[in-house]
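Asker: Make a model of the complete structure from these sequences and hints.
Chains as they are written, first to last, in our numbering: chain A, 3 to 154; chain B, 3 to 793; chain C, 2 to 292.
For the record, the hints were derived by calculation from the structure and aren't laboratory data. None of these values were measured; they are calculated from a predicted model. Using N, Cα and C, we set each Cβ at its ideal position, and we do this for glycine too. Any given hint could turn out to be false.
[Stated by the list, open to error] Result set (DSSO-like, lysine-lysine): computed pairs, CA atoms no more than 30 Å apart in a straight line:
1) Lys765/B / Lys745/B
2) Lys745/B / Lys195/C
3) Lys544/B / Lys498/B
4) Lys541/B / Lys498/B
5) Lys765/B / Lys195/C
[As the list claims (entries may be wrong)] A few chain B residues facing chain C, derived, Cβ under 7 Å:
6) Thr634
7) Arg686
8) Gly689
9) Arg694
10) Leu697
11) Asp700
12) Pro754
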Amino acid sequence: MALSLTVNGDRRASAADPVTPLVDILREEFHLTGTKPVCREGFCGACMVLVDDRPTPSCLMPAALAEGSDIRTVEGLGTGDALTAIQVALETCDAVQCGMCFPGMVVTLTHLLATSPEATRDDIRAALSGNICRCTGYERIVDATLSALAVK
Amino acid sequence: MSEISATMDFRRRDARDKLRGRTRYTMDRYLPGMLHAAVLRANVASGRIVRLDTSRAARMRGVRAIVTAADAPGKIGIGIADHPLFARDVIRYDGEPLAAIAADTLAQAQAALATIDVEIAPLPAVLTMAESLAPAAPLVHPDWRDYEVLFEGGARSGNVAWEATVVRGDVDAAFARSDVEIVESSFRVGRQNHVAFEPRAVVASYEDGRFHIETSTQVPWTIRNATARILGVPPSQVRVTVPPVGGAFGLKFDLAIEPFAALLARASGQPVRLVNSREEEMLTCLFRENAEIRIRSAVTRDGEIVGREAVVLMDCGAYGGEQIFLTTMTAHTLGGNYRLGSTRLVSRAVYTNTAPNGAFRCCNGVYCTFALERHTDEIAARIGMDPLAFRRRNVLGDGDLGATGQVFEGNVLAPMLDRMDTLREAAAPSRTLADGRLFGRATTVGTWFVFVGPSAATVNMNADGTVTLVTSGVEIGSGSMMQSLPQIVAGTLGLKPDDVVVRAADTDAAGYDVGVGGGRTTVSLGAASLSAAQEVRTKLLKVASEMIEAAPEDLVMRQGRIEIAGAPGSGRTIADVATRAQAQLGPVSGTGAFTGAGVPAMPGCVAGHFIDAIDIPVFAVHDCDVAVDPETGHVEVLNYRVVQDVGRALNPRAIHGQIQGGVVQGLGYALHEEVTIDTHGRVRQNGFETYRLPLALDVVPVEISLYEGAPSVGPLGTKGAGEVPILNVGATIACAVANATGKRVQELPLTPPRVLELLLDRKGELSLSHIAEAWVDNLVRPHGTAAQNRK
Amino acid sequence: MTAGTLAQGEATGTFYIASSLAAALDALNDYGPEGAAFAGGTWIMRAPIRHQPLKTRHVAIGKIPELTEIRIGTDAIEIGAAVTHAALASALADLPDFAVLTAAAGRSANPAIRSLATIGGNLATSDFSAADCVPALLCLDAQIEVSSRSGRERMSLEAFLTQRSTLAPGRLLTKIVVQRSRHKTAHARLPLRKAGDYPVAIVSLSFDVDTANYVRAARIAIGSVETVARRWDRLEAALLDRPLAPARAADVAAELAGEFVGRESVEVPPWYRVSVLPRLVRRATAAALGA
Ligand SMILES: Cc1cc2nc3c(=O)[nH]c(=O)nc-3n(C[C@H](O)[C@H](O)[C@H](O)COP(=O)(O)OP(=O)(O)OC[C@H]3O[C@@H](n4cnc5c(N)ncnc54)[C@H](O)[C@@H]3O)c2cc1C
Ligand code: FES
Ligand code: FES
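Answerer: Pasting the structure below:
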């Protein structure tokens, strides 16, 4: 039986095994390669997507469990060519290096911006404890988040 | 040229797509008809292959090609060709490739792997350098004598893959002086995994008799040449292109999995993608090597270092690889920083039956700086001198000799130490902590270099006023290709950096390049790009001078125009001039090439070295405050400060980003990231649960001061800035923890158990009994005069 | 199959999303040893990294209303087995007697994992020694409800821990019941980094302290040190009927800690887990007194 998934507003079908991690279907079948499988064990956050607005590591989510939910990947965040507030802030702060962690960072921080308008530096760092970056040393990501919060 | 316009803080052109998940790294590439590959790896550290039968696998569903050792005749290496693609008859490490399969899906490829019938007869293994150097130890390469030597000069013997030595002056005499204290220290460090977020990945295809390899690498030309060598085909049959690279840090400075995909593509006639699993990356990445160091110094009571000797053992794993080259670096890292009356150093790359090691940001510099700086603190304590005063007295300055006898230019480290004083005082740390934790602080110095070497660049002037920069440079995340290079070209031609189109690396399009790493992008590729841009400039000015009727010397290029100096708005747009030039003479382009000039060393000082002296030294001064929990051994970094010698900062904001990132990687090395090898020879940390990278809560904002003005042959006076930030982090944390605890810190990383062990005196002093007491007894090939070596 | 969605892929894996408890129990019963409950999946989905085969038939229990409820009564609270760590931490945030559980559920792992991983999964995973909620619930003297098609039974958490690895197919942990009290409770965990790690040692404690600060009842549980979390009876006894002070508690813990033998692991040597116990006892005691 085919799986039916709603990804970035589109309904899509997949014939994959139901316990296939969502990340693999997004990437290999739907070619939404913004979502990165880096650790496949819930520690790095590079595979983070929003499932019904909640940041969820897609390496740990079986595709069957995502049926009926609104799945939003990093590709589905802005509208058209426009960047979202957090993307603008990260670009302005020159935060990006290799970029592999950023799709997941953007997903987690999108949620933070929406739910924790009062977040402090330490709150932001704590919110990122499941999003690892190997390149940047985090500070600019935190700075950018604070500046995005200030704009809001 | 307008120098000012080359300095700017501007954003990266690749950021937007990276933030939107649109960037396609190699692991994201997908070609029509593409197959998926997987590699069968040995699960013993040492053994003889009795049987390897792939016939069942070949009949499995979806399988399109299987390749084994028979398909890859060549061997590669640095210095010596000791490394085949697949284990041939003999297995030398757990994880060594045995066969590779391409199938319609990855699951099919993996299922087929499981049906390959392998029988391996285990052989005795040497898993540590102590075992490897023991008398009568089994040889990792019994046929080492027969290997092709690719670079002459290294001494080799049995499990010693390569030995490099430095002897300058009469060390024995220095140690025999009656007015010196002899200080001896021993150190040991573990491996470090790069954990580049994009694992090693490749998509290969085979068309019209040539391989096209798209790969996640820092070294497209090495991939081209080494793949050809392994496969036994002419290098011209291999084309390498490189999409954006998702992190590298030295991991991707060597050939990796490219030949598997190439062979499978040729065998199947279809494109093949191969991406390492995270576990493969964790177990077989080309780690920063584990090392063991003994260092001894003869120092006068007033703090003059009259003699220094050291033995450095570097574990290269089962194959020589990068460590062969890195034996060279000891002279400039452990032998760096300070003025030495006389010195002798030996560094040995040692084979073990473990996964091969490789290059990692500042390579051997990181642990040699740790050893040197801890040793320096031990010397200062012994002679009762303030450690900072001792450093100030001894740091290399203008006209001083390095270990190999090269003459250093300019006073750099001393004013950098002064600069650090101001940074530190502004911060005014408290020395006692209210919560009972132990406070410690330290300042260290470090010496690294820019790995210059051949680079080529072409700049094509387009009639629309933009230019295309064609090089074999790769954007690995550091921003050099997105920021420095366009800045240099734009600055030369009076364009905006955005008007410089940067061509992604393609060995069919651009000339030879050593690779992106060793801090060399801005320097070598930058210099080649600068001279290519200058050629374009000269041509354009000539055409413009006819159009504007002014002498070329009177013209300037700025803001997209060629104008008469001092008369803004005069002249013509660059596009106009380029269009005219194209119509009159044909399209305008320029080419540039660069390679390091080579700095002289003292004759006879070095043996087995790949370079005798360093073209561009880079210095760093780091300082930190830590708090140590006496009951759990947790080390918290309270403040971290860096004064870094950058020559000239083209894009200060980008350099700051590199420093923050590099320091945090260093904090991982110093405090969290540990690799251990089990009794069967397998790395125990197979994922992110056990290999602990620093997280957002574990880091501090680094206070940074860029030190400009030190001499450099780099373009516009630049030096590489991206590699060096990690250099003395391990050293600084170690010295600060020693300062806080009063204990002799001899090992990294300083994980909570290791620190608690120190505090509780649970473990005795580190003893390295496989390092012979007399320096000369550690050599397979004597170096120096009889008097010096006392043999 | 009574209700729910069945998905079946080419590799013959079955993933059944149960919409009622009865349906889940039926399915588990039918699948027998092939089947397993799938709660948050944060353990199950990592099977490939542990080189363990996945079960072929999973019954997802996260959408069963009964299992995702938290009932806070005046005498007791009842926690459905499929309640996530995040939901639990926020529901209990204002109840001082459950500070230990709030901390256990609210500080483990990382935020995204906390909103997937369930308390039932945390208790039921027998290979997992570092579970935060196990010692927290031990010190709260929690009762466990286990259901199967043939009915429900209650048992102590201790009893559940000894049975869990051999729980017969078709049986499901459905509920956790904890009595309310005036106890002061706290959870001290020691990750190697500041956060985001498994704890290398956990001290969860619950004290009934009288107005003169004498300990009238004490329950202390130690997690992650040995393979399975357990109560520290001797420390409890030694603190009883004496004034409660963090420093003294730590001293006594240091004297008694020798009874623990740390488990082997990649992260830390066995002795380390035991060594840090006094510190954690002090930290937890101070936190409990502060609460
Ligand atoms: C990155 C990361 C960090 C983590 N850090 C921590 C930490 O710091 N502290 C901590 O405690 N845990 C931590 N966890 C661990 C852990 O995975 C979960 O907390 C928990 O053990 C699993 O819960 P789950 O709901 O995801 O279980 P699942 O993965 O769904 O199931 C786990 C096992 O329990 C069984 N099971 C689940 N529910 C029931 C039930 N109701 N009845 C019977 N059997 C059942 C399943 O069949 C399976 O065998 C971490 C996990 C990750 C991925
Ligand atoms: S890949 Fe999913 S958390 Fe790392
Ligand atoms: S930018 Fe490379 S991992 Fe974050």
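Asker: A separate judgement is required for each hint: does it hold in the structure or not?
Answerer: Status of the hints after comparison with the structure:
1. Lys765/B / Lys745/B: holds (12 Å)
2. Lys745/B / Lys195/C: OK: Lys745/B and Lys195/C at ~24 Å, within 30 Å.
3. Lys544/B / Lys498/B: Distance of about 21 Å is within 30 Å: holds.
4. Lys541/B / Lys498/B: holds (19 Å)
5. Lys765/B / Lys195/C: holds (26 Å)
6. Thr634: holds (5 Å)
7. Arg686: Hint on Arg686/B: holds, closest Cβ of chain C at ~5 Å, below 7 Å.
8. Gly689: holds (5 Å)
9. Arg694: Holds. Min distance 6 Å.
10. Leu697: holds (5 Å)
11. Asp700: For Asp700/B, the interface hint holds, since the closest Cβ of chain C sits about 5 Å away, which is under 7 Å.
12. Pro754: holds (6 Å)
In this structure, none of the earlier numbered hints is contradicted; all agree with it.
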